[in-house]
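Model the full assembly from the supplied sequences, consistent with the hints where possible.
Residue numbers (the numbering used here), protein chains in the order written: chain Y, 1 to 546; chain B, 1 to 546.
Think of the hints as simulated: they come from the structure by calculation, not from any bench. Errors might be hidden in some of the hints.
Repeated chains share a single entry, so a pair holds when one copy, or any two copies, can fit it.
[Said to hold, decoys possible] Below, a list of computed lysine-lysine pairs in the DSSO-like style, where the Cα atoms sit at most 27 Å apart: (1) Lys321 - Lys273; (2) Lys344 - Lys273; (3) Lys517 - Lys479; (4) Lys344 - Lys37; (5) Lys436 - Lys37.
2 protein chains.
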Amino acid sequence: MSDTCQFDVGLDQNAANYVPLSPLSFIRRAAAVYPNKPAVIYNDECYSWQQTYSRCCRLASVLQSFGISRGDTVAVLLPNVPAIFEAHFAVPMVGAVLNAINIRLDPATVAYILDHSRSRLVLVDTEFCDVAEKALSMMEGEAPVIINVPDASQGDERRLGDLEYEALLAKQPESQNWQLPEDEWDAIALGYTSGTTGKPKGVVTHHRGAYLNAVSNVLSWSLPRNVTYLWTLPMFHCNGWCFPWTMAAIGGTSVCLRRVDAGQILKLIRQHKVSHYCGAPVVHATIADAAIAAGEVFDHPVSGLIAGAAPPASVFERMEKIGVELTHVYGLTETYGPATVCAKQEEWEQCTLEERVRLNGRQGVTYPLEEGVAVLDPSTMEPVPPDGKTMGEVMFRGNIVMKGYLRNEQATQEAFAGGWFHSGDLAVVEADGYLKIRDRLKDVIISGGENISSLEVEEAIQRHADVELAAVVAMEDQKWGEVPAAFVQLRAGSDLTESDLISFCSEKISRFKVPKKVVFGPLPTTSTGKIQKFMLRKELETSSSS
Amino acid sequence: MSDTCQFDVGLDQNAANYVPLSPLSFIRRAAAVYPNKPAVIYNDECYSWQQTYSRCCRLASVLQSFGISRGDTVAVLLPNVPAIFEAHFAVPMVGAVLNAINIRLDPATVAYILDHSRSRLVLVDTEFCDVAEKALSMMEGEAPVIINVPDASQGDERRLGDLEYEALLAKQPESQNWQLPEDEWDAIALGYTSGTTGKPKGVVTHHRGAYLNAVSNVLSWSLPRNVTYLWTLPMFHCNGWCFPWTMAAIGGTSVCLRRVDAGQILKLIRQHKVSHYCGAPVVHATIADAAIAAGEVFDHPVSGLIAGAAPPASVFERMEKIGVELTHVYGLTETYGPATVCAKQEEWEQCTLEERVRLNGRQGVTYPLEEGVAVLDPSTMEPVPPDGKTMGEVMFRGNIVMKGYLRNEQATQEAFAGGWFHSGDLAVVEADGYLKIRDRLKDVIISGGENISSLEVEEAIQRHADVELAAVVAMEDQKWGEVPAAFVQLRAGSDLTESDLISFCSEKISRFKVPKKVVFGPLPTTSTGKIQKFMLRKELETSSSS
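Here it is in structure tokens:
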């Protein structure tokens, strides 16, 4: 603070002019302003904002009855059913921290997360009783309280213990016995990274960031009132990119979806006039394929956010055909989901489809309420020139960046070195300032002093019609230091050989970028569908040392 | 802060994850993301976001060259020309506080404001050289530096001293030598109340609130990308309700307008496809009259925000006819402009026009990012029942409430008594939770223990076709304590008498609400068009004591 001036005197914060920022304010307003508007729809259930608010308040009371309070962790092992939406409000209402666990994880990882997070209570969808039971048996610490969340549409009969979600809610009065956090810096959620390397890390986010990113979603996507949002994106991925809170901020309607099922998605889009949804490229591709097969073109405007990987041209093209407008975003668990957006420019409308696909396929510019994204040389922290060629590390700075990693000060300090959050992704900046991801930092291949983007090599390989999936990693080489090695999963029936593929690549990319070795076979993926390159690298080491 | 938990350890704020909220971030992003998009249009001038950003940076350097720094006040006496838009960014860029003075004020009041604010520099539109010169001669303190802002379209030849805006900008390099405030609680603007009672008070607002209300405007009005906004609302009114900053947040285009001229407005709406504008009822009425006279119906969607008084039914109806959708908002200088919105409900679309006008005429509900508005009994601070009858005082709480009044701790403390900001307006709450203003607190008349809304009596009087304007105030009465007295401005040629009007009112409202005295003549108004009731009260006192 500089020296005191007349504006610093007698003008302090007080209860009337300062309130901590928290997305909990949004649900209180939604219940007051849109009490009768549908908030959550799931199969035949429909809860208005007043009802949803009441259910959240009652869930908060349930949590209090188990002694949950400020700083405790509450985990959920739930698909996109109403309970996970409600947990996004009820858990922070009691000052606790929501740990939404990926339902595709193996029991050992779930056990690790429950232990590390010190979760005191878990809401478990009864489809996942087995995983939860095994995880509990593998835990080192004290087992959490389990509340079963059965889904009438599934008919699972298994239970862990005798606590049931609806029965517990029903017993609670409708009191609104909750408060905003005393400090907007208080933790609101804990999300574990998918762990392409080693143990998952616990990303801690806060009320201030959740509030701001919820609003930033509205600005980024120009969300109007009366949005109907389909939950194709799991709420356990970065808290559904903060969209539960976004929906409360604008009084939108959430249509829940237990699993990505193309037929069901088409039906729900028609039935509820869904206007918005998010997902990885594979989700959009699934929708496009099913719609095209059914001859469906949506007769109301539908917008999709796409993230997780650059959208292939064919997906953009097919989505246009069925009447869906895609916007490309990029981010990480550490940035509460989307932190850049490929903001569309008016003049792009005049471009060819191919050029539009290329322009929209970039990761883009800073998300509206994030302060800054930059592509920096991590050794000098200087920005790379906007030449579309020089690679640097994507770094973020702003209020929509995590507090840090739970009980991991070293990883936290490394992530924030130099006053920027290091994403670990490598990108170039094009002349218009838009950034384009080229690789993961640890996946870049340095061959004879030249950086090779493994992504670029993978894209070349994937242009071959016989290739289903490809991953390229660095292989040690006496002469060049490193050279690219490719792991390739072929389509059924293909008899493509290593030399075929190498000569195919030679026509597409520079000689030094062509893989020197190709291994055929299925590729190992994480629970979120990312290829586990560290396992491929291990395989290379093993084969070279043997 | 409650006791420490694992989420409080090693997870502190740092340069990567905490940045003070300031609307200055918006213009930096707009210049980066929409460099070539028009930001400001005035007559034949058009500045892109990159150019506007460059002009703001250069204005900031000009201010620095005059020694302006953190905590200094910079005043402007400007209509809606590009310079006032630019000052909204440049002044806070150097840490200074923007004091936008109403151009309709008399020299004595301008002198008072320049003295009280300790303004060190003033940008003066050359049309207002005379007012400024007189004000300077009446000041008690040191005279500020004057920078002349000539307007080529006006041809004013007068200057105060030899400093000129464009010449000073032209001399500065394009350096971006500015920083965000160190603290988001730092003052950004100072706005003087219009002073219906006594001396104007200086309302101090901060970066955090300006940031949040700029975004709240987007949510409240569902502002899309590519907005073209017409400046019918003076930017010296509560910083144009934060809309200069809103436009930067969404990269919208501002069309400047020197004065409210119906022909010019219609032309600009057509020419630039203006999509949004704000104003008092009289602005909308002027537009409607002119459009109807010209047989104009806009062929693109146009939305208006209306505030300052409940919009008359005829205005709503006429705006619908010409294709403008109105939304009613309400707020005060102390709440950065709009702090409630009459949020539209889907079911209203089924209502009759009369009912829709009634519903939309209410002040409504909390603005999206304001925390709370309540109608409280100021003696008990308890909410009034939502019966549409019981009056209470409208109070606000949240981050979009001023820091306080400059160098006026007593007024600040009174305004924030009980942890809420007291608006001084009396309202009822209807069954759906929407509030409706009934009166100013100090204008309510207490007659035989009954509260009489002066607004209700005024509305009754104004239904008489001969009445142009009416104001009702309390008159002392030996029996009843107070009784209503009416001051009435008649249309030219009317020969209405006191007894005529009293008997007219007797058919409309309860007997005890009927004015006991009627005075005919022109009514005194402030520079913002508000009737100065305190002068009417003085007139009553003088006449009763004489």
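Results for each hint:
no.: 1; hint: Lys321 - Lys273; in the structure: within (18 Å within a copy, 30 Å between copies)
no.: 2; hint: Lys344 - Lys273; in the structure: both (24 Å within a copy, 20 Å between copies)
no.: 3; hint: Lys517 - Lys479; in the structure: within (15 Å within a copy, 105 Å between copies)
no.: 4; hint: Lys344 - Lys37; in the structure: between (32 Å within a copy, 12 Å between copies)
no.: 5; hint: Lys436 - Lys37; in the structure: between (40 Å within a copy, 22 Å between copies)
Going through the hint list in order, the structure satisfies each hint without exception.
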